[in-house]
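Undergrad: As given, the protein sequences belong to chains A and B, one line each in that order.
At position 165 of the first sequence the residue is numbered 165 (our numbering), and the sequence of numbers has no breaks.
At position 228 of the second sequence the residue is numbered 228 (our numbering), and the sequence of numbers has no breaks.
I should point out that these hints are in silico values taken from the structure, not numbers from a laboratory.
Treat the hints with care, as some may be off.
[Said to hold, decoys possible] Derived, one-sided and incomplete: chain B residues facing chain A with beta-carbon distance under 7 Å:
no. : residue
1   : Tyr37
2   : Leu69
3   : Asp70
4   : Ser75
5   : Lys76
6   : Lys91
7   : Leu93
8   : Leu94
9   : Asn96
10  : Ala247
11  : Ile250
12  : Gln251
[Stated by the list, open to error] To give an idea of the chain A side of the interface with chain B (calculated C-beta under 7 Å), a few residues:
no. : residue
13  : Lys41
14  : Lys76
15  : Ile78
16  : Ser79
17  : Lys91
18  : Leu93
19  : Leu94
20  : Asn96
21  : Ala247
22  : Ile250
23  : Gln251
24  : Ala254
25  : Ile274
26  : Leu277
27  : Thr278
28  : Thr279
Heads up, the beta-carbon is just placed ideally off N, CA and C, and yes, glycines get one too.
2 protein chains.
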Amino acid sequence: MATLKDVARETELTVSTVSRVLNNRGYISEETRNKVYAAMKKLNYQPNELARSLSKRTTNTVGVIVPHLDHPYFSKLISNLETAAYEYHYKLLLFNSKDKDEKETEYLEMCKSNRVAGIILCSGTVGTEKFEEINVPLITIERNLEHGTASVECDNKQGGRMAAAHLAECGCRNVIDMSGLKDMSMPADQRAEGFAEVCKKKGIQNTEIKIDSKLYATLDYREYIEQVLLDHPQTDGIFASSDVIAAQVIQVCAKRGIEIPKQLKLIGFDDVNIASLTTPSITTIKQPIKEMAHIAMSLIASANKNQMVPSRTTLPVTLVKRETT
Amino acid sequence: MATLKDVARETELTVSTVSRVLNNRGYISEETRNKVYAAMKKLNYQPNELARSLSKRTTNTVGVIVPHLDHPYFSKLISNLETAAYEYHYKLLLFNSKDKDEKETEYLEMCKSNRVAGIILCSGTVGTEKFEEINVPLITIERNLEHGTASVECDNKQGGRMAAAHLAECGCRNVIDMSGLKDMSMPADQRAEGFAEVCKKKGIQNTEIKIDSKLYATLDYREYIEQVLLDHPQTDGIFASSDVIAAQVIQVCAKRGIEIPKQLKLIGFDDVNIASLTTPSITTIKQPIKEMAHIAMSLIASANKNQMVPSRTTLPVTLVKRETT
Chain A
1 MATLKDVARE
11 TELTVSTVSR
21 VLNNRGYISE
31 ETRNKVYAAM
41 KKLNYQPNEL
51 ARSLSKRTTN
61 TVGVIVPHLD
71 HPYFSKLISN
81 LETAAYEYHY
91 KLLLFNSKDK
101 DEKETEYLEM
111 CKSNRVAGII
121 LCSGTVGTEK
131 FEEINVPLIT
141 IERNLEHGTA
151 SVECDNKQGG
161 RMAAAHLAEC
171 GCRNVIDMSG
181 LKDMSMPADQ
191 RAEGFAEVCK
201 KKGIQNTEIK
211 IDSKLYATLD
221 YREYIEQVLL
231 DHPQTDGIFA
241 SSDVIAAQVI
251 QVCAKRGIEI
261 PKQLKLIGFD
271 DVNIASLTTP
281 SITTIKQPIK
291 EMAHIAMSLI
301 ASANKNQMVP
311 SRTTLPVTLV
321 KRETT
Chain B
1 MATLKDVARE
11 TELTVSTVSR
21 VLNNRGYISE
31 ETRNKVYAAM
41 KKLNYQPNEL
51 ARSLSKRTTN
61 TVGVIVPHLD
71 HPYFSKLISN
81 LETAAYEYHY
91 KLLLFNSKDK
101 DEKETEYLEM
111 CKSNRVAGII
121 LCSGTVGTEK
131 FEEINVPLIT
141 IERNLEHGTA
151 SVECDNKQGG
161 RMAAAHLAEC
171 GCRNVIDMSG
181 LKDMSMPADQ
191 RAEGFAEVCK
201 KKGIQNTEIK
211 IDSKLYATLD
221 YREYIEQVLL
231 DHPQTDGIFA
241 SSDVIAAQVI
251 QVCAKRGIEI
261 PKQLKLIGFD
271 DVNIASLTTP
281 SITTIKQPIK
291 EMAHIAMSLI
301 ASANKNQMVP
311 SRTTLPVTLV
321 KRETT
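Isolated chain A, as found in the complex (with noise of 0.2 Å):
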């Protein structure tokens, strides 16, 4: 099948010149459209960037890629990140890869051959390496790319320190943290790393868990916590890194006869709709999800216009006080 280069060198002119001519760029004159034109039809050349031209708004779309559908997490910065592309006057192409590789490589591929104005790559598991050769700006949320244009964090670290500083006013001694997965980096490990500052500072005893990443797939933590508690009997504190974690944690003790807030105090993270949804509802660090969304989709819109874009943007996350501390 022709190429851009063959209609560049049946017209003799440049691959940028055939571009803009089929991009309705820049001033082309009468002559060269039409030369351009008749070497497109010569070489039966079927550009897949001509879509953008004709109606500009086909390609004003922005591919979200996300390891889960059904999660309150990803449903509430899906949400968001709609709102923001419609400010954007960008849509958007949802794609679940469902923490699997050759899913997250065909979306990306699909993203590449319709010519997105950009992906949003939120918290995964997959490898990075097939990043290195995507030409469109790349925003990451909540997920560690070497390759990405930008990546858009909440401050993990300090909702780590203030779960702590807020257990601690709660007068927990002995906490569990539950906030990172084994065996995969994410920015929300940092969580652990603020958590346990603060807990080292005021002489709490704290158990740092790493929740297994198979757990991850299917959202069901009940026997992970059943043994955790178990194993540790005089825990009076919990930091989940989930409030999906937390409404499961506050399952388990209501079978175990522990009772949420006086007996064992209980912070999530997040802010999704499931922490007002539980019995009691679940305190919790909010993660600014409308403003990183937003910022996200405003990254993608800078970079292409060319401008410059910071490399990380980190937003404050707050303490939401509920029943469980």
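Using the hints provided, position chain B relative to the given structure of chain A.
TA: Below, chain B without anything else, positioned relative to chain A:
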């Protein structure tokens, strides 16, 4: 700007022949093809459909319009639609109408101008007259719409029957049905019919209370539930129209010292993630969301092949017993 008709007139071909050239469909002689390309060039015709022909994937896109994104029902639905889309080689363009007329209209325009392969419209409240002129397959999920191609629903009436039968089995004598919305007509309204039918048969006192549709926008039903319980202190069973409402019934009961399931049995609808994350976890009527999503996508595929599609598809529901009954 030149239109397809202008190209047809210039070439003395029919519009459908020109369209076939643009879409690379069917047999077209080289002569005809060249004639069309020449006319396109002469008239500076900018076909919106070109993208489809040039890169088959480009408009293998299905627009999904939902009234909420940060709601567990729509999260689960979107998650399953994404999975189904993948199987049919479709991509999802996601739009959140937020139950606003003007946004829904704008999104429909976007879908049209992007030449989507189909639109899936999920339960919402806005007017239906805009859908009259849509010339792509329009599938509704849990929504009444005169002008759609086809609707996909769960068996709401049977769900209501099952809920009443289960509460009766659990010994309830004074139940409240919170399964409908005021001022809105939805397939879900039939839940109340089925519920009332069985209550009557079993001789159970049934009070049907419609929910103000304004609450649906905020998803905060607590005050409303509290008032209902104050007004009906003898209540020993509640049928809630969603697991989100059921979760809030648990919260209000906890606050008022009503023990679930001991003093009051509770049954939700949907079976979304929240149903298994509350304490106690929620007995519910499960919508076969996975199958509904799959069928919706298959209907778009069939409609695009000009196959006849059923105008209404109703799928069975099941009772999922958990801890609230």
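Undergrad: Indicate, hint by hint, whether the structure satisfies it.
TA: Hints, verified against the model:
A least Cβ separation of about 5 Å between B:Tyr37 and chain A falls short of the 7 Å threshold, and the interface hint therefore holds. The beta carbon of B:Leu69 is positioned within 7 Å of a beta carbon in chain A (closest approach about 3 Å), and the interface hint is therefore held. At its closest, the beta carbon of B:Asp70 sits 4 Å from a beta carbon of chain A; the interface hint therefore holds under the 7 Å criterion. The criterion of a C-beta within 7 Å of any C-beta in chain A is met by B:Ser75, whose closest approach is roughly 4 Å, and the hint holds.
Of the supplied interface hints, the one on B:Lys76 holds, with its beta-carbon coming within about 5 Å of a beta-carbon of chain A, less than 7 Å. Restraint check, B:Lys91 versus chain A: the minimum CB separation of about 6 Å is within 7 Å; hint holds. Look at B:Leu93: its Cβ gets to within about 6 Å of chain A, closer than 7 Å, so that hint holds up. Checking B:Leu94 against chain A by beta carbon gives a least distance of about 5 Å; that is within 7 Å, so the hint holds.
Below 7 Å, beta-carbon pairs count as interface contacts, and B:Asn96 has one with chain A at about 5 Å; its hint therefore holds. With a least beta-carbon distance of about 4 Å to chain A, the hint placing B:Ala247 at the interface is held under the 7 Å criterion. A hinted interface residue such as B:Ile250 counts as satisfied when its beta carbon comes closer than 7 Å to some beta carbon of chain A; here the least separation is about 5 Å, so the hint holds. Given the 7 Å rule on beta carbons, the hint for B:Gln251 holds: about 5 Å separates it from the nearest Cβ of chain A.
Among the interface hints, the one on A:Lys41 holds; its C-beta lies about 5 Å from the nearest C-beta in chain B, closer than the 7 Å criterion. Taking 7 Å as the C-beta cut-off, the interface hint given for A:Lys76 holds, the closest approach to chain B being about 5 Å. The interface hint given for A:Ile78 holds, since its Cβ lies 6 Å from the closest Cβ of chain B, which is under the 7 Å cut-off. With a cut of 7 Å, the hint placing A:Ser79 at the interface with chain B holds, because the nearest CB-to-CB distance is about 3 Å.
Evaluation of the A:Lys91 hint against chain B yields a held restraint, the C-beta minimum of about 6 Å falling below 7 Å. Annotation: A:Leu93 was flagged as interfacial toward chain B, and the flag holds, the nearest CB pair being 6 Å apart, inside 7 Å. Residue-level restraint check for A:Leu94 holds (minimum Cβ-Cβ distance to chain B is 5 Å; threshold 7 Å). A hinted interface residue such as A:Asn96 counts as satisfied when its beta carbon comes closer than 7 Å to some beta carbon of chain B; here the least separation is about 5 Å, so the hint holds.
For the restraint placing A:Ala247 at the interface with chain B, the shortest Cβ-Cβ distance is roughly 4 Å, inside the 7 Å limit, so the hint holds. Residue-level restraint check for A:Ile250 holds (minimum Cβ-Cβ distance to chain B is 5 Å; threshold 7 Å). A hinted interface residue such as A:Gln251 counts as satisfied when its beta carbon comes closer than 7 Å to some beta carbon of chain B; here the least separation is about 5 Å, so the hint holds. Because the smallest distance between the Cβ of A:Ala254 and any Cβ of chain B comes to about 5 Å, under 7 Å, the interface hint for this residue holds.
Nearest Cβ of chain B to the Cβ of A:Ile274: about 6 Å, under the 7 Å cut. The hint holds. Annotation: A:Leu277 was flagged as interfacial toward chain B, and the flag holds, the nearest CB pair being 4 Å apart, inside 7 Å. A distance limit of 7 Å between C-beta atoms decides the matter here; for A:Thr278 the minimum to chain B is near 6 Å, and the interface restraint holds. Because the closest C-beta pair between A:Thr279 and chain B is about 5 Å apart, less than 7 Å, the hint holds.
In summary, the structure agrees with every hint in the numbered list given earlier.
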